[in-house]
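Novice: Chain residues, written in single-letter form:
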Amino acid sequence: MIIDLRRFVTAERAYWDELQNVLARLESEPGRRLPLAEIQRLHYLYERCSADLARLDTFATEPGLRAMLQSLVGRAYSEIHETRAPLRIRWRSLIFAFPRAFRRHLGGFGLSLGVTLLGCAFGWFAIRTDPASKAVLMPFGGLMGSPAERVHEEESNARARADRLRGKKATFSAELMTNNIQVTMLTLAAGITWGAGTLILLFYNGVILGAVAADYMAAGQAVFLAGWLLPHGSIEIPAILLGGQCGFILAGAMIGWGGQTTRADRLRAVATDLFSIAAGAAALLIWAGVLEAFVSQYHQPVIPYALKISVGVCELAALGLFLGWAGRE
Amino acid sequence: MSAPWYPASGPQPPAPGLQPRASSLSIETPEGVVFSFELATPVTRALAWAVDATAIGCLLYGIGKIAALAGVFGRDIVGAITVGGYFAVSVGYGIVLEWRWRGQTIGKRMLGLRVIDARGLRLHLPQIVLRNLLRLVDALPLLYLVGGIVCFLSRYGQRLGDLAANTIVAREARWTAPDLDLIAGARYNSLQAWPHLAARLRSQASPEAVALACRALAGRERYDPRARIDLFGDLAAYFQSLVQFPETAVEGLTDEQYVRSVLRVIYGAGK
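Which chain is which? The protein sequence lines are S and F, in order. Mapping of the first sequence onto our numbering: position 100 corresponds to residue 100, and the numbering continues sequentially without gaps. Mapping of the second sequence onto our numbering: position 33 corresponds to residue 33, and the numbering continues sequentially without gaps.
Same shape as in the complex, but just chain F (with noise of 0.2 Å):
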C-alpha cells in the first residue's frame, strides 16, 4: 500500500502576484490519470457554518439540560459541567465530526461538502485538529472575518486552518444515472446516418450544453409554449453550429426534435 510515489500535484506555493480563484483542485495520478475535487464556495462554506453553529447551539442547550439535572450534586458541580461542557462542544465539534466522519460535520453533510487532504490523500486527525485549531484565529474579529477573507484571496478558497493543515473543502460529487431512457424512446434517429459528423457532434458538445438539453427535455411539460420554443431554438443553433448536418438528414425536425436526435447521438442510444 505504501508503494513509492512521485508528488502528485496539490495547492502549490503562490507565484507572486495575485491568482484567479480557481474553482477545482486538480489532482495527477503516478499513473497519469487526473482526477479533480470542486472546490466549496466561501458562501456554502458559511452556510454549513451556520448549520454548525446552531447544531453547536442545540448540543449547548442539551449540555445545560444536563447540567441542571446534576444539580443534586450542587452548584458548582453544575457550573463546571456548563463551563467544560461549553468549551469542549464549541472546540470539539469540528475535530470529532470531521474524525469520525472522514471531513464532514452536520453543516458540510448537509450542504454535500467534505474537508479532504489538498494532495488528495488521506486526512489525518493532526490535520484535522490543527484546521478547528486555527479557528482561534479564522474567527477574529467576530463571525469568521479573517478566515472568510483570506477564503476569498486564496486561490483554493482556503481559510488559514486550511493552509496551516494542508486541507481544502470541496464539494461532494452525487451522481445520479444519466436518463437514458428518456433520450432513447424514438426507434430511428437521422442523424445516425451520419457517423463521422455524429462522432464530431460527440466530440464537441460541451457537457454544459449537453446537461442543459437533457433538463429541457425532462421538463418540457412545465414550460410556457412561447418559452419552450425559444428555449429548444436556442439550443438547436448552438448544436447547429457545431456540425452542420445534411439537409435531408434534419428535414422535417423541428428544433426539439432535433435536440432529441443529438441527444441520441451523444449518448449513442437509437438507431
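So that you can see chain S by itself, here it is in the shape it has in the complex (with noise of 0.2 Å):
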C-alpha cells in the first residue's frame, strides 16, 4: 500500500522513465531484433511497472499517474506478448503471399465467380427477351447505340476513332484505374454487410458484363466484343472477382458458420490475407488501365482483332498460372 505517493514517484520515476525510453527506440525501430539482455531487462522493466500500477490500485487518487502507469504498461504489454510476425515489406514474399492467399480462400472466389455469372445471365437473357431494358441495365452513353454501327464506325474510321484519345490517354488510364480500383475496394468493404453488400455489387457487375455480351452477340459482333474486353477484361474482371472474394472472406468471418472462435478471432485470422489478395488485385487493375487506354480503344485494322484476343488470353492464362501455381511449396 501506498503511504508516501512522493517518495513512490521518487524511487519509481527512474523505471518509468527507462520503460518510456526503451518502448520509444523499439517503436521508432520496428524491425529491430533485441539482444536477450535487452529482452530480459524490458520483461524486468514491464513487470516493475505492472506491479507499481497494481501497487497504485491501493491508492484511490491520482488517475493523471495511474493512466500514465497504464499507458506504459500497456504499450510494454503490446511488445512482449504479441505472437504475430512483423509484416516485413520484400516484394518477393508480398508477390507469392498474393497467390498464396488467394489458393486458401478458393470457396470465396468461387462463390465471387458464381454471384458474377448469374448476374451475366440475368443480364443475358434481359436483353435477349426484352431489348428495351437496356436504357436501364446499362445506362452509359457509349453502350445505348447499335452495336453493328458502333462497330462498323470503329473499323471504318479506326485510326481517326482511336486518335480521339490523343493527349488524354495518361489521364483516362489513371481515371480507369483509380474507378476500378475503387469498384474492387468497395466490392471487398461491402463483406462487411455479412456479404449482402458484396452480393449486390457483383451481381450488378455480372448484369451489366452479360447485357452487353448479349447485345454484342446478338447483332453478330461477338469477335469484335472479345477483341475490345479481352486485352484489358482479362486482368480487370478477376480483378474485381477477388475484390468479391476479399468481400466474401469478410463476411465469412463476420457469420462465423457455427465456430467456436469469436468474431474478433476469425476477423484476426484473415486480416493478412485480405490485405494481401486486396493488394494483388489494385497491382492487377493498376495494369488493366494502362490495357484499356492505350490498347483497348485500338480496333481492327489498327490491330488485328486476333492479336488482341491472343493478348487477353495469353494473359488470362498467365494470370491463372500465377494464381494457381506461384509460391507453392
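None of these hints come from the bench; they were simulated from the model. Worth double-checking, as some hints may not be accurate.
[As the list claims (entries may be wrong)] In silico lysine-lysine, DSSO-like type, Cα no more than 30 Å apart, as pairs:
#1 S:K168 <-> S:K134
#2 S:K134 <-> S:K169
#3 S:K169 <-> F:K65
#4 F:K65 <-> S:K134
Assembly of the complex is requested from the two constituent chains, each provided in isolation within its own frame, with the hints serving as guidance.
Specialist: Laid out in C-alpha cells, this is it:
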C-alpha cells in the first residue's frame, strides 16, 4: 500500500522513464531485434511497472499517474505478448503472399465467380427477351447505340477514332485505374454487411457484363466484343472477382458458420490474407488501366482482333498460372 | 518475446440486446494486472477527422501545384498526376500515417487519439489497411453517416472499419506529475495526528474529487471570493462525509485549509 506518493514517485520514476525510452526506441524501429540482455531488461521493467500499477490500485487518487502507468504497461504489453511476426515489406514474399492467400480461400472466389455469372445470365436473358431494357440495365452513353453501327464506325475510321484520345490517354488511364480500384475495394468493404453488399455489387456487375455481351452477340459482333474487352477485361474482371472474394472472406468471418472462435478472432485470422489479395488486385488493376487506355481502344485494322484476343487469352492464362501455382511449397 | 499466453480480455462478442457504451477498454495481462484504454468519443473522432480532411485538402492543393509544374510535359501528364495523386492521397493518407506513426494521423495527434489493437497488441499493417479500406462503406452515404451511427451504437465506439480490423481508437494518456509542492507548503498538518483516519480517507476519496480539489487550490486566486468560499465549502463537506476527524484536529481550520490538509494526507506530504 502506498502511504507516501511523493516517495513512491521518486523511487519508481527512473524505471518508468527507462521503460518509456526503451519503448520509444522499439516503436521507432519496429524491425529491430533486441539482444537477450535487453529483452530481459524490458521484461523486468514491464513487470516492475505492472507491479507499480497494481500498488497504485490501493491508492484511490491521482488518476493522471494511473493513466500514465496504464499507458506504459499497455505499450510494453503489446511488445512482449505479440505473437504475430511483424509484416515486412519484401517484394518477393509479398508477390507470393497474394497467390497463396488466393488459394487458401478458393471457396470465396468460387462464390464471387458464381454470383457474377448469375448476374451475367440475368443480364443476358433480360436483353434477349426485352431489348428495351438496355437503357435500364446499362445506362452508359457509349453502349446505348446499335452495336453494328458502332463497330462499322470504329472499323471504317479506326485510326481517327482511336486518336480521339490523343493527348488524354494518360489521364484516361489514371481515371480507369482509380475507378476500378475503388469499385474493387468497395466490393471488398461491402463484405462487412455480412456479404449482402458484395453480393449486390457483383451481381450488378455481372448483369452489365451479360447485357453487353448479349447485345453485341445478338448483333453478330462477338469477335469485336472479344477484341475490345479481352486485353484489359481478362485482368480487370478477375481483379473485381478478387475484390468479391475478399468481400466474402470478410463476410465469412463476420458470420462464423457455427465455429467456436469469436468474431474478433475470425476477423484477426483473415486480415493478412485480405491485405494480400486486395494489394494484388490493386496491382492488377493498374496494369488493366494501362491496357484499356493504350490498347483496347484501337480496333481492326489498327490492331487485328486476333492479336488483341490472343493477348487477352495469354494474360488470362498467365494470371491463372500465377494464382494457381506461384509460391507453392 | 513470443511466450505462450492466454487471450487477454478485449472486445468480446456482444450479448443479445443493446449494451451501454463503454468509456474504457480494460485488458488483463497474464500477470493479473489490469490496465485500460480510455476510448475516444465519436465527437473527438469527428474533430480529428475534420483536421485530417483539412490536411488532405492541403495535400491535394499541393499535388495540383506540382502537377501544374509538370505542365511542361503536357496536359495529359498533368491530368494523370492529378487523378492518380488525388486517389493516392485520399486512400493512402490514413494508411501511411497510421503505419508510420503507430496508429496516429495529424488529426489524431492533435486530438491526442491513437488507433490501437483491440487486445492491446501491436497494430499491424493489414489491420491498418483494412480499417482504412472500410472507410468506403463507413463514409456512405455522406460525411461518415454509416460509420458515425455504428460508432454510436457499438459498445467500444468502433466504426465498421474498426470492427473488421479489430481496432479501437483510444485517448492517449498524458501524464503531468502531481503538483506536490502546491500541497506540501505548510509545515504541520493536524490531520496526520490520526493515522488510522488518514488511511481511511486515503482509501475512500474519489480520484475525481481529489483532482478537483487540486485544481481548485491551484486556481484559487482566480475565483470570485463568494464562489471560492462555496467551492471549498462543498469540497470540505464531501471529505468530511467520508471521514470524521475529531474536533481537536479540525479546530480553527477554514474550509480551504481543511481541503489543503486533506490533500496533504492523501499525497503523504507534510507532518
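Novice: Against each hint, give a clear statement of whether it holds in the structure.
Specialist: Cross-check of the supplied hints:
At roughly 29 Å between alpha-carbon atoms, K168 (chain S) and K134 (chain S) fall within 30 Å of each other, so this suggested pair holds. Pair hint K134 (chain S) plus K169 (chain S) holds up; C-alpha atoms about 28 Å apart against a cutoff of 30 Å. Among the hinted pairs, K169 (chain S) with K65 (chain F) is consistent with the structure: their alpha-carbon atoms are about 21 Å apart, no more than 30 Å. Note on K65 (chain F) and K134 (chain S): the hinted pairing is violated, with a Cα-Cα distance of about 43 Å set against a maximum of 30 Å.
Hint check: a violation occurs at hint 4 only; the rest are consistent with the structure.
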